[in-house]
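Can you join these two chains into the complex? Each is in its own frame, and there are hints to help.
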Amino acid sequence: MSTKRHLIIPGIIAAILAVIGDLLVAFVLHMPPGHATTAANDDTFTGQVFAIISWSVGAAVVTYGVYFIAMAKRAPDAPAPSTGYLRVHLGLQIAWIATSVTLVMFAAGLGVVALEGQTNPHLVVPAKALAAGAGRDPLIIQVIGQQWQFTYRYPQYGGFETNQLRLPTGRLVQFDVTSLDVSHSFSAYQLAVKIDAISGINNVGYVYVLHPTVIDVRCGELCGLWHGYMTQVGSQVGRVLTPSQFSSWLSYAESTYGPEESNLPKFSLTYYPNPLTY
Amino acid sequence: MSQTAIASGRAPVEFSARRLFLSQNLLTACIVGALAGVVAYWIGAQLDTTDNGDGGILLGYIVGAAGFMITLGFANDLILRLRGRPSASLVKTAEGRGWTEYFGISLDHKVVGIQFAVGVTFMFLLAGFQAMMIRTDLMFPNGGPWPAGQYTTLVGLHGLMMMFVATLILIGAFGNYFIPLMIGAKRMAFPRLESFAFWLVPLGALILYSTIFAGFGGGFNTGWYLYAPLSVEARAGMDGAIVGFAFIGVAASIAGINLLATIFVMRAPGMTWSRMPIFAWSMVAVEFLSALAPPVLACALIMVGMDRAVQSSFFEASGGGTTFLYEEMFWFFGHPEVYIFIIPAFGIAMEILPVFARKPLFGYRLAVAGMMGVSLMSWFVWNHHIFTSGIAPGLRPFFMTATELISIPTGVVFLALLGTMWRAPLRFKLPLLFVLALFFNFLIGGLTGVFLSDVPLDTTLHDGFFVVGHFHYTIVGGEIFALYAASYYWFPKITGKMLNEKIGKLHFWTAFIFFNTTFLPMFAVGYLGMLRRSPVYAANLHGLNLWISINAFLFGLSNLIWLINIIYSWVFQTERAPANPWESRSLEWQVATPIPADNFDRIPTIVSGPYEYGDANARPVAEWPDGGQFPSPIPAT
Chain A
1 MSTKRHLIIP GIIAAILAVI GDLLVAFVLH MPPGHATTAA NDDTFTGQVF AIISWSVGAA
61 VVTYGVYFIA MAKRAPDAPA PSTGYLRVHL GLQIAWIATS VTLVMFAAGL GVVALEGQTN
121 PHLVVPAKAL AAGAGRDPLI IQVIGQQWQF TYRYPQYGGF ETNQLRLPTG RLVQFDVTSL
181 DVSHSFSAYQ LAVKIDAISG INNVGYVYVL HPTVIDVRCG ELCGLWHGYM TQVGSQVGRV
241 LTPSQFSSWL SYAESTYGPE ESNLPKFSLT YYPNPLTY
Chain B
1 MSQTAIASGR APVEFSARRL FLSQNLLTAC IVGALAGVVA YWIGAQLDTT DNGDGGILLG
61 YIVGAAGFMI TLGFANDLIL RLRGRPSASL VKTAEGRGWT EYFGISLDHK VVGIQFAVGV
121 TFMFLLAGFQ AMMIRTDLMF PNGGPWPAGQ YTTLVGLHGL MMMFVATLIL IGAFGNYFIP
181 LMIGAKRMAF PRLESFAFWL VPLGALILYS TIFAGFGGGF NTGWYLYAPL SVEARAGMDG
241 AIVGFAFIGV AASIAGINLL ATIFVMRAPG MTWSRMPIFA WSMVAVEFLS ALAPPVLACA
301 LIMVGMDRAV QSSFFEASGG GTTFLYEEMF WFFGHPEVYI FIIPAFGIAM EILPVFARKP
361 LFGYRLAVAG MMGVSLMSWF VWNHHIFTSG IAPGLRPFFM TATELISIPT GVVFLALLGT
421 MWRAPLRFKL PLLFVLALFF NFLIGGLTGV FLSDVPLDTT LHDGFFVVGH FHYTIVGGEI
481 FALYAASYYW FPKITGKMLN EKIGKLHFWT AFIFFNTTFL PMFAVGYLGM LRRSPVYAAN
541 LHGLNLWISI NAFLFGLSNL IWLINIIYSW VFQTERAPAN PWESRSLEWQ VATPIPADNF
601 DRIPTIVSGP YEYGDANARP VAEWPDGGQF PSPIPAT
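Which chain is which? The protein sequence lines are A and B, in order. Read in the numbering used here, the first sequence has 123 at position 123, and its numbers run on one by one without any break. Read in the numbering used here, the second sequence has 232 at position 232, and its numbers run on one by one without any break.
Because the hints were derived from the structure by calculation, they are not lab data. Some hints could be false.
Calculated pairs, DSS-like style, for lysine-lysine (alpha carbon to alpha carbon, straight line, at most 27 Å) [as the list claims (entries may be wrong)]:
| no. | chain 1 | residue 1 | chain 2 | residue 2 |
| --- | --- | --- | --- | --- |
| 1 | B | 429 | A | 73 |
| 2 | A | 73 | B | 505 |
| 3 | B | 502 | A | 73 |
| 4 | A | 73 | A | 4 |
Footprint (simulated), chain A over chain B, 3 or more residues, beta carbon under 8 Å [claimed, not checked]:
| no. | stretch |
| --- | --- |
| 5 | 45-56 |
| 6 | 221-232 |
| 7 | 318-332 |
| 8 | 408-419 |
Interface residues of chain A toward chain B, partial, derived using beta-carbon atoms under 7 Å [said to hold, decoys possible]:
| no. | residue |
| --- | --- |
| 9 | 106 |
| 10 | 107 |
| 11 | 180 |
| 12 | 183 |
| 13 | 200 |
| 14 | 228 |
| 15 | 272 |
Even for Gly, the Cβ is constructed at its ideal location relative to N, Cα and C.
This is chain B alone, in the form it adopts within the complex (with noise of 0.2 Å):
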């Protein structure tokens, strides 16, 4: 009925999942969730082989898991399709189910990127207060308020939880939220698929804080890549970090899966591949990432959670098992993964940059090929993680030329950054200064990555605070830097009310200044020798470890004042937004706002590429299928 429903461009009047049996909400699922944890944890205690009650955990945290999905709705089509009865509509009415609908499944993507949105920069807030906390123990050079093991968990912590953070940020906000309206297409390829992406990540989140609740101590003691056998040995919290970590692999490989599908059979009439904007096409190039490489994670941590609750010896060498198991699927899972945070901050900067700089994008091809070949190559870097745990020596000057090689496709982008600024009438707005920003900050990223990847020299800087200074450079610098840019740009689209300029402005100044003052000395400290992970370090590094944790608590206030931002604009400002404030070409501004439940009332046809800005002869970007034009020409510049 849905498909029908579709192709003839009407609004179904059923929509989402129907009910099953009591009543299916948040509540009953936390509730039915938490018993079923509790049940599963009193029967895996008693059949436990080992004298920790780590089976028991782990059962608990998987069964409850289940029991909040499916109360929650998740098997109900299932279960229907067995009955031999209707399965739910794909698309909801126009009327929706108001504000309920954000704290349930819905099929609706624009709702799922809302959740996605809101629900990740909480846990980005919650994340960035665990650095002020490992920022002020720094300020002590032997050690500050916490103690060592609550200091380890607290690096843990905050590790883990920016890792989902910046594994879906982009990715399920912009991504699940954006890609079908540029695309030209009504939802996703797999809906319910998406909605059940963004549960595990609250319930991975969730999983993963309660660590710190588990057992005598709480907490963890592996920091964020749970390196085996210290894993296999560590306390109760040990279980909850394994399936928080897993389900954020399963919610990142799922909306990989979705997301390609839809981009690649869901496209409107015309929109070929040359047409494609840049951030769907950095989309393609992630999702190949973010679909393949988490299983391995999956597996890796599986075999750990094996290891802890049946005693298998997969990673304790006493048994006939080896720590390096552990580290090559770890990190061959862990390398693509930081492509799977810059590619879309690549995507989503080359999107914004022609919109402002009033220029087609220069170079686009080899930009997509750039991205393209950044996503394949990230398959042959892992082992440069790894280089000082003893591989085969044979396998360094491999690894070391591979990473260094990677530095070409990502050097395009630079070219498509330069080339469309060349003689470009920019508007300096928000959204551009934060993307100007983001290559600053990745070009000392991507650069300070050269040293890492020379082997020699990597053995003086592996493990220091080299490294967090490069990643963060990479990471905050370029992904977070990019998720505030695209915050600037599609606010209006999304709330229909843009963003205050002055506050924008306060938000910018603050966060480049503050970040570049905070993460740049880094790579001082960690060239004279501190190490990672360590609450201890010299004491001739005091002076500067204060400077990095009094610019980092500045850099946290700035991203307070970005928070700010977003709750004054959207819920306290009248003013509505224009429709399309930036001049656009992109499909998704030529909707109206707000969004109409199905996008599309008619599926366009696109018939010219989103960059043409500038060319007085340029055509417009799509078509009705009753011969109107969709949009109306926008002015040369």
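Pulled out of the complex, with its shape left as it was, chain A reads as follows (with noise of 0.2 Å):
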């Protein structure tokens, strides 16, 4: 009777106390990135639930051990009684790991449907962004890291580059991210995008935007001496548009970045410095 008291005293302080920790998580704590994207929808909600479960793991744990202290400083010298001198008990053991496997699979399953929907390993338009209302034509964004800075080229609309990034709401974004020299990470906070740029390779990316925002780039991979300043941060620099404003900031773009087009190198997927052209 005692051994079973023991068990569940602590057992109730602890779900007790999971429980108001998961309320907090699930009703009260808005946690990052928040709902600019789908990727960004996908991360706040498996943030949230990894919270739960790690709260609640941890207050299980915490509470376990913070009792068995309590019991030992409340009677130090006692021995303690024959059925604490347990070495094994396969019951116990059986059923801990069978916990954390359940815990584990669910969150790998989590995890990959999320990814499912987020990516595509032949790409072609990922399934959630195509229920979001994402048309089979994404607008192509590619977007080429360098020392120190990131610069984005518009293929369709005859490959102008700029280092302002602008993209719309409502229509999937492809962004193909290379490096000029070593390699980047393209990290658009809001967005929920963080992509590697590596000379030679073309990483591709899919983002769909549901809200306009500011997007805050900075670069997430030490690329050398100004590193920590490779960052393109405010609304001047990086913005999610509404269709129409994307439409006329693309005009507009057109007629500033259009006539420096034929001092870039031809579009490709990669490009290398080639010393003898400068």
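The following block contains the structure:
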């Protein structure tokens, strides 16, 4: 009887703590990165689910630990009862492993489902973005990392290049990310996008924007002396626009940056610095 | 001769490496090493096919290191054997060579253990000081007192140096010192290699720090992971980082092979696998990683060196290479590496816990299986470090699931903790306090790891401060807290004196509180988008960063309290510690303090497991060959 009691009491305390914390995570805490894109939605939701699991597991382990410590503190010299000298308990061990396997497989399943919705192994339009209303003709934006800035090319609109990132809501966007020199990482926080920019490689990522937002772009991969300053932050640099604003920006950008196109290398998925042309 | 001496149980009279030519000591080794390095640099610079002199610098470091090692005496035995002369003895006399022994080659595992402990702790404090500098810089959102290049070098030096420390502090210090004692052996399997592994460490650290003098501006700008092609293009300081890192890799690999061989072949009679202390088991689990993972790193570093010095093109896209090759090789080493840090910490925690719980370790076999499972599975998760690099999309679900699965064997360790604490008459001494804190910290470190294993969520958290918080919770909160626990637990055995309890309590509470107040907010700033390795961050995170920095300084100070305690208790305290102050059953506590030169006068026969606490009918741990018991039975509680 007393053995069971010492298992049940901390169990009840842990359950209460878990429920309070989980309700806070679910309804009060606003998990980043927000809801600007379908990917951000996924990250926010997954983060919430993991926070709930972690809090519950953590609360259980810590409560049992603290309870056992408190018991030992209350009667420091009392010899442990014979049940205390348990070396092994097959049922408990199996239950422990079964619980952790269940939690882990749930977490893995959640991740795989979100992953299948976000990316696609065969460069087809991802299912989740399609469901949200995306067409099958993504807006292609080439992101070119270089020491120490990102520039963006819009190959479907003449291939002009700018250091201002603009994208519309309601249309699937395909980022083709590459680098001119060392490895960078195109990290757009509000979009929940992080794609490494690697020379000789074209890395593809998709994003479907739901709401207009400012985009903070930073380099996520250590790329040399001014890596820390390779940031493009603030509404003048990166923004999501409504479709009509986007088309007027496009015509402005084409007239402003278009004349420079002849000086740019021909559009390609990757570029190599060629010393002979400079 | 040495083998007969060991078998007969008599201490041989002759000690260690014979002198071959000139006076062979640390001073001459440094002088010859430096001269050899300069000459090799001069020759290499003449032969160099590039404009930047990397060939000369690399050659200088390597030849200088070889000159140092040979002059110190590591080739003596080989040369003597080649000349048909008798080799040096493996077991030292009771007198030894006094304090000079700690500044040269020693074939005594206890001396090497102390060399590791003191040397690596020094490196730990040095790298910790750099952490303070990083935190000072991060008190300002737009870059602090140090210029951008200096900041990046600081981050790289702190990261690399702490990698050296974390790889070697538990294995090198406690593994070398206590494994032979715990398993009833007189020495390590390969004492010369053991000493060789140690001397690579100060050499590696010195070469790493020499990078701040190399070339214009000095330093290197790649962080600890030396990603190519940045590391191929980086300035001259990079060469030292490559060589230093490779040396530590070799040291870890050698130490791994040595400990594995020792545990496999040198256990005392009766020390069956199921009677082996859990710390020895953790060494078995970790040394497979430590022996096999660093060679992959060494190959990657050699390839970077070749790209720099002889214009090969393993990693340069314009020459047909790819950075993926480096990333894959690096993390194939890099992920087993983090378990090299934490598995010995588990071993120490589970070794200490039953002693203070006065109960058998709960689920011993499952805990062993857990550690071996972590060790095995750690080979199959490395791609989770490069989820955003553009790996084949089909690989991601596999590596995500594998990463999450590894929490199952890790969780078993927590079951051992809770099961052992269950209704135990706990003795709240300092080692136990640190073990409990370790489990609390590692719980947070482990749970946050699940966030990072999830590919979609990882795109938000990758390369950010959430990752920094996570690995500091596992490495500092896990491994360094195990170091604290082990230092309080084994200090009386090593020095014959107790660490001061009052100062220790102060150390415990400051370390535990300020560790958590430093690193817990890092999860928040990371989640809010702050990226690593960057001195610039969003203005709205300024307040949190100030808080983190101030608490980091306080955590740094708590480490000084630990250092003061060690120096005070070791040097100034006169009171001797009891022979077995914690009433442990483990074999290392049954030998006299100070420990005899060859550990055991006669090899004991092990008749029982080490964790039979509280069992009135438990047999003693070991018996003498002549029938005496070893030790006399310990009271039940």
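A quick look at each hint next to the structure:
1. Distance hint between residue 429 of chain B and residue 73 of chain A is fulfilled; the C-alpha atoms sit about 12 Å from each other, no more than 27 Å.
2. The hinted pair formed by residue 73 of chain A and residue 505 of chain B meets the criterion: a straight-line CA distance of about 17 Å does not exceed 27 Å.
3. Between residue 502 of chain B and residue 73 of chain A the CA atoms are separated by roughly 19 Å; this keeps the pair inside 27 Å, and the hint holds.
4. For the proposed pair residue 73 of chain A and residue 4 of chain A, the alpha carbon gap of about 20 Å is at most 27 Å, so the pair holds.
5. Given a C-beta distance limit of less than 8 Å, the hint that chain A covers the stretch 45-56 of chain B is violated, as 0 residues qualify and 3 are needed.
6. Residues of the stretch 221-232 of chain B with a Cβ under 8 Å from some Cβ of chain A number 6, which satisfies the need for three, so the listed coverage holds.
7. Here's how the stretch 318-332 of chain B fares: 4 of its residues keep a CB closer than 8 Å to some CB of chain A, so the rule of at least three is met and the hint holds.
8. Remark: the stretch 408-419 of chain B is confirmed as covered by chain A, as 8 of its residues place a Cβ nearer than 8 Å to a Cβ of that chain, reaching the required three.
9. A distance limit of 7 Å between C-beta atoms decides the matter here; for residue 106 of chain A the minimum to chain B is near 10 Å, and the interface restraint is violated.
10. Because the beta carbon of residue 107 of chain A sits about 5 Å from the nearest beta carbon in chain B, less than 7 Å, this interface hint is met.
11. Given the 7 Å rule on beta carbons, the hint for residue 180 of chain A is violated: about 10 Å separates it from the nearest Cβ of chain B.
12. A distance limit of 7 Å between C-beta atoms decides the matter here; for residue 183 of chain A the minimum to chain B is near 6 Å, and the interface restraint holds.
13. Satisfaction of the interface hint for residue 200 of chain A is found here, the shortest Cβ-Cβ separation to chain B being roughly 3 Å, below the 7 Å cut-off.
14. Proximity of residue 228 of chain A to chain B holds as hinted, the smallest CB-CB distance being about 4 Å (cut-off 7 Å).
15. With a least beta-carbon distance of about 5 Å to chain B, the hint placing residue 272 of chain A at the interface is held under the 7 Å criterion.
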